[in-house]
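Novice: Okay, here's what each chain looks like letter by letter:
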Amino acid sequence: TQTVSQSDAHVTVFEGDSVELRCNYSYGGSIYLSWYIQHHGRGLQFLLKYYSGNPVVQGVNGFEAEFSKSDSSFHLRKASVHWSDSAVYFCAVSLDTNAYKVIFGKGTHLHVLP
Amino acid sequence: DMKVTQMPRYLIKRMGENVLLECGQDMSHETMYWYRQDPGLGLQLIYISYDVDSNSEGDIPKGYRVSRKKREHFSLILDSAKTNQTSVYFCASSPGSAETLYFGSGTRLTVL
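Here the protein sequences come in this chain order: A and B.
Just so we're aligned: 49 in our numbering is position 49 of the first sequence, and the numbers increase by one with no gaps anywhere.
With the second sequence counted from 1, adding 114 to any position gets you our numbering.
These are calculated hints, taken from the structure and not from any lab test.
No residue lacks a Cβ here, since even glycine has one placed at the ideal position from N, Cα and C.
It is possible that some hints are incorrect.
Calculated from the model, a selection of chain B residues having no Cβ within reach of chain A, i.e. all distances over 10 Å [as the list claims (entries may be wrong)]: (1) P122; (2) D140; (3) L159; (4) S181; (5) K184; (6) R185; (7) V225.
Dumping the calculated BS3-like pairs for lysine-lysine here, alpha-carbon to alpha-carbon at most 27 Å [to be verified]: (8) B:K183 to A:K49; (9) A:K101 to B:K176; (10) B:K184 to A:K101; (11) B:K183 to A:K101; (12) A:K49 to A:K69; (13) B:K183 to A:K106.
Facing chain A, according to a computed beta carbon distance under 10 Å, are these residues of chain B, among others [claimed, not checked]: (14) P175; (15) S201; (16) C205; (17) E213; (18) Y216; (19) F217; (20) S219.
Could you build the full structure based on these sequences and the hints that come with them?
Specialist: Structure representation (structure tokens):
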């Protein structure tokens, strides 16, 4: 069974701070990992994804994520957040045995204070 | 234009009524999805469509059915809606396996 967990329901930082949003998964095989962002009242938008190669992947708007097989993690980071980064962030996984099936975590609500 | 369009944006129905949620995409994507989003639960997968008339149950298909007669349209049907089907429903499309999902803006369904 594939599961994905986002341990923090809410994260609050000040504008200009760095932030890390955590994502862990449980699966022993090869896995596709991605992050999506959802602004209030909108649909989800793709940020970045990883399957193989360089474990650090760059996404849009200065976001990056790092895959760690030993920690079963794919944490999302940004060096300096802007108020417009306030949104809900979802980690998503799918397996190479059925990569069509995309399962989302419960999301982390990032609050950026001025 | 790379767009997924969902209609309607808001819908109120009474328990026992039939509900039709429609989704269209203009990217000729093979794969389409229906998810529902509830507070604290994230997105839950209802159905996947691999192409016209090729659909597969997701994790919570009970109480729902789907129809895909054209590649660009994917409908979600609730026969005799229940109050616990009150939710925000999202449609998404993708070029194929392990590819990026493109989401619509959602339909907020309230079943009274």
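Novice: Tell me, in ascending order, the numbers of any earlier hints that this structure violates.
Specialist: 3, 8, 13, 14 and 15
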